[in-house]
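There are 2 protein chains.
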Amino acid sequence: MQYYNFDKTAAFKTLSALASTGKDFDYKAIDAERVRNTITPMAAGLAYSYAAKPVTPSVLDALQALADEQELVAKYQALLDGETMNTGENRKVLHHLLRGQLGNDVLFEGKNLGVFYRQELERFSTFADAVHAGKITGTTGKRFTTAVQIGIGGSDLGPRALYLALENWAEVEGKKKLNAKFISNVDPDDASAVLSTLSLEETIFVLVSKSGTTQETLANELFVKEKLKKMGLDSSRHIVAVTSETSPLAHNKAYLNSFYMDDFIGGRYSSTSGVGGVILSLAFGPDVFKEILSGAHEADALSLEKNIRKNPALLDALIGVWERNFLGFPYTAVLPYSQALSRFPAHLQQLDMESNGKRVNRFGQPIAYSTGPVVFGEPGTNGQHSFYQLLHQGVDIVPLQFIGFVQSQRKDDVIVDGSESQTKLKANLAAQIAAFAKGKNDVNANKEFTGRRPSSLIFGRRLTPSSLGALLAHFENKVMFQGLVWNINSFDQEGVQLGKTLTRKVLAGNSGDEILEAYRKLLEI
Amino acid sequence: MQYYNFDKTAAFKTLSALASTGKDFDYKAIDAERVRNTITPMAAGLAYSYAAKPVTPSVLDALQALADEQELVAKYQALLDGETMNTGENRKVLHHLLRGQLGNDVLFEGKNLGVFYRQELERFSTFADAVHAGKITGTTGKRFTTAVQIGIGGSDLGPRALYLALENWAEVEGKKKLNAKFISNVDPDDASAVLSTLSLEETIFVLVSKSGTTQETLANELFVKEKLKKMGLDSSRHIVAVTSETSPLAHNKAYLNSFYMDDFIGGRYSSTSGVGGVILSLAFGPDVFKEILSGAHEADALSLEKNIRKNPALLDALIGVWERNFLGFPYTAVLPYSQALSRFPAHLQQLDMESNGKRVNRFGQPIAYSTGPVVFGEPGTNGQHSFYQLLHQGVDIVPLQFIGFVQSQRKDDVIVDGSESQTKLKANLAAQIAAFAKGKNDVNANKEFTGRRPSSLIFGRRLTPSSLGALLAHFENKVMFQGLVWNINSFDQEGVQLGKTLTRKVLAGNSGDEILEAYRKLLEI
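So the protein sequences, as listed, match chains Y and D.
Under the numbering used here, the first sequence has 160 at position 160, and the numbering climbs by one with no breaks.
To convert a position in the second sequence, counted from 1, into the numbering used here, add 1000.
None of these hints come from the bench; they were simulated from the model.
Source: prediction; values computed, not measured.
Worth double-checking, as some hints may not be accurate.
[To be verified] Cross-link-like lysine to any residue pairs, in silico, SDA-like; alpha carbons within 20 Å at most:
(1) D:K1447 - Y:T501
(2) D:K1028 - Y:G512
(3) D:K1521 - Y:K111
(4) Y:K8 - D:V1395
(5) Y:K505 - D:D1417
(6) D:K1440 - Y:T137
(7) Y:K227 - D:S1419
(8) D:K1175 - Y:S196
(9) Y:K225 - Y:K111
(10) Y:K111 - Y:S244
(11) Y:K500 - D:E1448
Isolated chain Y (complex conformation) (with noise of 0.2 Å):
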């Protein structure tokens, strides 16, 4: 397998070739056939609809070339097989392996890591079956009512969307155990705020680093040790680690039980790992973890598909990349019909730019073209009442990521004027696609839509735990199969560093260095 910059491959030429097909697309002549047949079904029941996406037949079919050309495919199945793919930090990336096996069996140093995976999913999962059965309980023995996560980046982001995600789902359905909490920022008001809701007592925290060493976990672990004891709480009965087995943190007596992974769960995929798994175990049960697990790993395997127009992450993945590198657009917004999903965008916004924010390719040499794109957004309709005026009326063109369901998830609706609520809320978004495609001509030019802006759904029939695990896989796939396409690696992150290093330089003392001490100095450190 041979990895290229992208603009030495023939695609990118064809492609830049077709760029006119693109900027000269004509939105208005999107029709029901047009929406008929740009719909690829995803895993669990999803689809991804691209009607409104400026691609012809002629793009499509150069994005498929370029697919080819670039063995996208067979790439993802190296990384299935357990290749080096993150090349920076020669580490295998496996947070496939968690959801079900597609590839060889992935074996280091002695181990079969398929397994080692399927143990801790099981050792979590009986854990949190014996803390729902009240066998195991805190300090007082009185039962756990709440769970909190105490975690950053990786370890926040995407295990509390999720927990957002499916909280209604679990009340409505009877699968709701444990309310779960979080305490992410080193802002001491973070951790200080959530604890001074809780009854210690009865809480449960889930420590998680994979390092054992970052900084603002470690800090709010000591913060809510301290309130334990001042409670008289013993914490190594209130606190469970997720970690490496390499951290301190690991075999650690002073938890009361500890949950591994590795180096190859990279923080921003490790949502299906321990990471997310305890915490939403015990929140809603294993069960509910497993069948999140079971919409990831269908989505997985359908990424397997070589047809572009049957597998919807990669087809995301270089509708993405044409609007990025081909019609420039530097930006992308995902806007969920959801309120279940308010915080899925935020993650969303972590596992892209963090991923594909790269401007060095995976030989570390650097590159000339544009990769990922600042990502932002939030639920409708809300955006709607907000920043949509710029997306319909703005000089720059915002691609959208439009999500929605046929259902709600608490089926507890009101009729107004003849509607439901989930009815104007789909219609809302059914009417925003639409406006944003084919926009309105005004004599008033302040209210003329130019319209000519493109947008993609993903819709199903209700979110549940495998359409949100088929969700959280479908981005997660299209991400690295972006980063296959750009031959970068999009899972380092050595972009973090500075700031640490100069941090523990700030705290350290003084740091020599002109400008550090001078902030010091504003900031009163």
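Assemble the complex: chain Y is given as a structure, and chain D must be docked to it using the hints.
Frame of chain Y; chain D shown alone:
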């Protein structure tokens, strides 16, 4: 006073000629003296530091000349004096007048609007005091313990961001009177979930819609009324309205009380009217809300200063224009190192993108230059473990707006490795500013930081009601000044209309529009 398109000004030419000064700005030369000399005091003890922005004295002089040529401060004064600045809708723009008077009396249809706004402020202050004293209760006579805002867009994001910003401060300062919750989305899961957690007999609802016709808000109002009815509660004893006097919600016996604003208070600028004032006065007491107003008023007064080096909102606006129009950056990130400001970026996203996401000038003519950028952000240090990778090592440059405070709000902290968490928070902030500006050379390109990424810092002693008010008004005035530079109307939002029209079409039955009908089928509307 003359209103010119930006590209017709002499300053536009001067700044264009200076662009290379910004592009070649020597970030490595930033030293302690520059940091000291590039601080502009703001209201309420805050300060704006722009050492790490690519501006030289000659650029600042050219920006001063732009401010003078475009008569920005005189136009602001005209706005304060009640001139019709919302040209598209033929309306005055009077949100500053809510905070205090800085110009002539503003009269409309025989009414002195400053007097009217103060009367309403006193009316809802008295009302909140009566609720706190237990003189006003719900149907069962129990005291209100929770206030729930029903509103969307400007009636949600700003008030919610301000509530979250002060919730912890209020708790530790003994000012917390009621809990506040928010229902915004037409997604029925939003209202259903919020209501499921409440004791309705102890809940007062604040229904906010200026027009009294907002689809989402009316649907959620009925949602609430049905739940109240089911509990045997009289909704007219549990709901107050905040609206204009001409709306169907006004002077309506269906509500416990009604408080008024008018068409001269735009949604995204309405946090300091009853839209934010009623819920914040209920939550924290009217005195706290008046402190917010006082901080905002101080910022408004400071914005009248003609010397841009002494007018932080104007300076911030002009540096933003410099980056947008001459250095070509299409986005900006807002990064508060304060968990309390977790939703402040979402408010600023609305404020900025809805105000300045425009492609026609104030006379309704298309313009040929860039206007408002895409705005996004999350609190630090959380963002450091998320999208900062792209900010540090991405292909494109994203200008950054940091915000930080010397002290935490709750003053509940822990010492780990010799420093408090608040100190770590600030050390991270200082480190990031330095890292983004100066970067780091490395023989390994993957570990290299090119630096040269601009940022500014707003800092202060502690986030309090008055500093929060100053912060809010700073950004409102910044956005206003940018709109004046671009010669656009920052106070209308025609871009939200088409979606509303098409939604009504879908809800009314067969829309006769092929694409709408196709999506109706997909989403089973």
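Now the hints, each set against the structure:
1. D:K1447 - Y:T501: holds (12 Å)
2. D:K1028 - Y:G512: Satisfied, since the Cα-Cα distance of roughly 15 Å is no more than 20 Å.
3. D:K1521 - Y:K111: The hint is violated at about 51 Å.
4. Y:K8 - D:V1395: Answer holds: Y:K8 to D:V1395 is near 18 Å, not above 20 Å.
5. Y:K505 - D:D1417: With Cα atoms ~13 Å apart, Y:K505 and D:D1417 stay inside 20 Å; holds.
6. D:K1440 - Y:T137: violated (49 Å)
7. Y:K227 - D:S1419: holds (18 Å)
8. D:K1175 - Y:S196: holds (16 Å)
9. Y:K225 - Y:K111: Not OK: Y:K225 and Y:K111 at ~35 Å, beyond 20 Å, violated.
10. Y:K111 - Y:S244: holds (14 Å)
11. Y:K500 - D:E1448: Given that 20 Å is the threshold and the Cα spacing comes to 14 Å, the pair holds.
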